[in-house]
Amino acid sequence: MTIATREEKVVSALAHIIMILFSAMAVIPFWLLIAASFSSETYATKYGYKFLPQELSLSAYEYLFKQGGQIGMAYLITVIVTVIGTTVGILAISLLAYGLVQKDIPGVKVVFILILVTMLFNGGLVPQYLIYTNTLHVKNTLFGLILPNLLMSGFTVILVKNYFQSNIPGEMLEAAEIDGAGQFNIFFRLVFPLSTPILATVGLMAAVSYWNDWTNGLYYITDHNLYSLQQLLNEMNNNIQYLANNASNLGGADISNLPSVTIRLAIAVVAIVPIMVIYPFFQKYFAKGITMGSVKG
Amino acid sequence: MAAKAKKKHRHINWKKTIAIYIMMLPGMLYFLFNNYLPMAGITVAFRRINYRLGIWRSPFCGLENFEFLFKSGSVFTMIRNTILYNIVFIVLGTVLAIATAILLNEVRQKVLNRVYQTLILLPYLMSMVVVSYLAYAFLSGENGYINNTILPLFGIQDKIAFYQEKKYWPFILTFVNLWKSVGFNMVIYLAAVIGISPDYYEAARIDGASKWKQITNITIPLLVPTIITLFILSVGRIFYSDFGLFYQVPRNSGAIYDVTQTIDTFVYNALMNQNNISMSSAAGFIQSVVGCILVLTANGIIRKISRENAMF
Amino acid sequence: MKKRISLVLLAAMLATTFAGCNSDSSDTGSSTPASTASETSASDGGSEAADSGESTGGWEGETTHIVMTYLHAGVVPTDTDKVFDAVNAITVPEIGVEVEPLPLGIGETGQKYSLWISGGEQIDLMMVPFTNLTTYSSQGLILPLDDLLAENAPYISEVMEEYPLRDGSYYQGEAYGVTPLMYYYGGGGSFLIDEDKFNETGLTYNEGDIWSLDQMTEMFAALKELYPDAYPNGTITAGATASTSGYWGLTTDPLGATPSSGVLMGTESTTVENLYATEEYYNYITYVKEWYDAGYIYPDAATTSSTQRELMLAETLLGYPMGNQPVMKSDAEATYSKGFIQIMLNESYYASQSASGGSFWTVPISSASPEAAIRFLDYTFSNHDIHNMILWGIEGEHFVVLDEENLLIGFPDGIDGTTSPYYNTFGLYGDRRYEYIWDVANNKAVNEEYTADAMSRPTKAVGYAYDTTRTSAQIANVDAVVTQYVPTLESGSESDLDTTYQEFLSALEAAGLNDIIADNQAQFDEWLAQQ
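Chains as they are written, first to last, in my numbering: chain C, 1 to 297; chain X, 298 to 609; chain E, 610 to 1140.
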């Protein structure tokens, strides 16, 4: 026993060292980002980003604040879309994955192959756009931000299916069926609670991709009241890049009040911080599944 | 496990079948609208698009849209880069993610565990545009940290023009990719690691197995199905590349195209001024077909080795 | 608690869904939104109609609702609706057209237009900025305009006899776009340098002199000595997709396409050449290399994440190459709030409209009423008040006229460019000779003089535009090669000029540039024969 504890100590120390190293590598650039966003524009351009804000300036955040209405609204939209999309997505994904592990149901294998195919082939942007705008009419609605591409992906369905397959004991489902439980009951009462680690994982993936998405906004939203945070940032970047490249063509256009580098960094900070704050709450679900192995017994 | 139990009754249980299909319906409908209906758009790769006729009535034009890919002198370079980087990313990414997941699982202090996990995930949350600014802050010749602070520490005064020198980029790109994705991949494996029943470890510990033995004999084998699935899926994307990583991070610097150009960045640079969906579909079509062939091959091989681990 | 939040979310979601439906129905051109809009405009924009003087309520037919793209730099001005209400208060009674702005960022047109049109959305007037219009015309996204213009646009039809409003928009013999009528025509290269710093060097520049690149070297050297930490030549090529050699004294005609599809060198030539293989180009990049090595060019010019404007504001750069029009100087002075000297690098000349240099008004195939669209377009040319209103807003509220003679305007008390609720400066509208200006240095007389001078030196290709459809595969490849090499070569940051240059030339050849040039020459010869 003493060997084991000593070994455990070593392993634990090693784990801490490596984790601290990795965390540092992740934090240092992020710190740089924050520091630069608080530096004065001129300083940042002239001398680059520094780890301590130089010529401390809040002008980037002031600019954002002045655009307050739009930024605030964009935040709200992003939050709404992330919450709805993630919730609905998890539900639809896990229901589908649950179906896919039922070996005694005809046609399930075909459905699985069809899902796999979606990961390999896609029809491209224009046809998808036509379906979404002309058939489903999602343009300039929240559905335009929620539905296209992000709600479910073959990847997540397969991840969840795999988890069900190897972590939910078939005997248990069998027993429940024999007891006369309906499929919905089995799913929501047994499978769902036993799968929190994978559902949290998939939920995290979905939430992050909703939070960081700007493409759906780019294509499906023209109404500025429905702009998401990333779409706003992306549009600013696009325009800045475009104007920088076409300066010569734009004789007569005063572009002096365009957002500059520090503002773009400030927006990035503003976009990342909330998800950092929320993430630890997500984490408790990662641990919950631990007990389920004993069910098998 | 589930399969074994079901062998008993061969007749179809209609009640269950209907219930299951109702449960799958929302997801299936989604894939129908989001993926299958637009898939007719694959034919765009073979058409000369005329919007006045509509994309479904535009005339077919054979392989004309594929020409630009093969006429370019850089077709070999971009395919080589795309594939090699993907192989490196898949192998190192998987090893690193599993290692991190296992190590993190060894951190028993709840708070620290969560802190590490959150921090390691940070890079994943940044957009590639922002990552490219940060990379530039480290690498630039004029104001870069490496040139101005780190190299002088080692007594090196000559500046390195990173954005002009090919030899550094395979490492830089690999580093950035791993740095950005490790947190995310770790989370995927973490779910699997956490899901492993503690009973297994308990039994091993009683047998006196060392930590390393426990990892190699219990954890890794139980992760194999996840590893294989993720491997097959990433093989399917071997002709694709993260556009932001290869375009934004090297700042589209021409001097290093030899080691940074991938199929996606080439298509972007070539079609930037043309907005030609047929030509970009053509490139996408090739990427899909190659991915499909590789997935079938990889799955076939795995099936031969161990039937139960194959995906289909 | 949780339940309540989700209810709120659901409500929000439903509300926006319905909002979406409403806007959909207005797209189909129903009369309801049109009439509500004109009611509101009548109440707060009515006085404007009276102001314009000419309003006799000339239109008796039905009112048509059109949608016009409205480009902005990232933020939609808050008063946009108000301004367009004022516009409608005039155009509805005058020409029976009610216009609805469709705002989008100027950098996103390429990503959105073809999607919108293929989705069948109503867009009647579409501004395509600085893009090769062939992309749109050859794929059938926009309508040919010749007949529409002849029937619905008397003013444009008249002025286009004299000015090249359609050049660069031709595809298979028909015009597909109309550029705004510029207040200057012609081009050439110049270098804008911080006036105070230039004077410190003791050098002098006489207005109108043309400097050689050797003289520029001399000036850069003198400035570098005074300001060792700054870079006198602010060439920034990061993200560049085309050659900027035109600023450096190379007289070239892009033949209505881009410099990468063959050019005429000088004003007398009729031979289509590969710009990059010419002696002049090699000479130019040799100078650039010399400047780079001497520290006159920003070391990270080809890759920096800062823009030229940011680096200029930080005084890391002291000057930059630009077109030689008077407006470029007054722009620089306004942007950086200091004096500039504009050093001319060649004589102004008059070339074919470069495909990416023009910004075209087009009518997409998804237009509900092309006639009304063109009628409105013509009105933005003929009614200078409407043109200025769309551009600068409502007089007295967003700007005040300081000097009607010189068309000079300024901000009303209490607002400036950053606080104005309507300040969107893209000059993309109408007959710009009558456009209000903010800086007297850029006045009408100066620009007329410039234009007359430039037009006295026309190239042989004025009016010609290369139709790129047959060589689109080669052009894609050439574009990829150009983005690979040009930013490096034109900032001098390659380590070995001759090796890189030879690589560049062979890569261009491998990409099929010779096919393009042969095709271009054949088309050009045919066109010349018809002249």
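It should be emphasised that the hints constitute simulated quantities derived from the structure, not laboratory data.
Some hints here could point you the wrong way.
Label-pair restraints from in silico Cβ distances [what the hints assert, rightly or not]:
{"hint": "1", "chain 1": "C", "residue 1": "K9", "chain 2": "X", "residue 2": "I384", "range": "53 to 61 Å"}
{"hint": "2", "chain 1": "E", "residue 1": "S878", "chain 2": "X", "residue 2": "I384", "range": "30 to 38 Å"}
{"hint": "3", "chain 1": "C", "residue 1": "L58", "chain 2": "E", "residue 2": "K721", "range": "32 to 40 Å"}
{"hint": "4", "chain 1": "C", "residue 1": "L58", "chain 2": "X", "residue 2": "Q406", "range": "42 to 50 Å"}
{"hint": "5", "chain 1": "C", "residue 1": "P193", "chain 2": "X", "residue 2": "I503", "range": "44 to 52 Å"}
{"hint": "6", "chain 1": "C", "residue 1": "L58", "chain 2": "E", "residue 2": "S878", "range": "54 to 62 Å"}
{"hint": "7", "chain 1": "E", "residue 1": "K721", "chain 2": "X", "residue 2": "K368", "range": "26 to 34 Å"}
{"hint": "8", "chain 1": "C", "residue 1": "V110", "chain 2": "X", "residue 2": "G351", "range": "30 to 38 Å"}
{"hint": "9", "chain 1": "C", "residue 1": "E55", "chain 2": "X", "residue 2": "G351", "range": "33 to 41 Å"}
Straight-line C-alpha distance at most 27 Å; calculated DSSO-like pairs for lysine-lysine [what the hints assert, rightly or not]:
{"hint": "10", "chain 1": "C", "residue 1": "K103", "chain 2": "X", "residue 2": "K313"}
{"hint": "11", "chain 1": "C", "residue 1": "K50", "chain 2": "C", "residue 2": "K66"}
{"hint": "12", "chain 1": "X", "residue 1": "K368", "chain 2": "C", "residue 2": "K9"}
{"hint": "13", "chain 1": "C", "residue 1": "K109", "chain 2": "X", "residue 2": "K601"}
Given the structure is predicted, the values throughout are model-derived calculations rather than measurements.
Here a beta-carbon is modelled for each residue, glycine too, at the ideal position from N, C-alpha and C.
Any hints from earlier that this structure breaks? Give me their numbers in increasing order, please. 1, 2, 4, 5, 9 and 12
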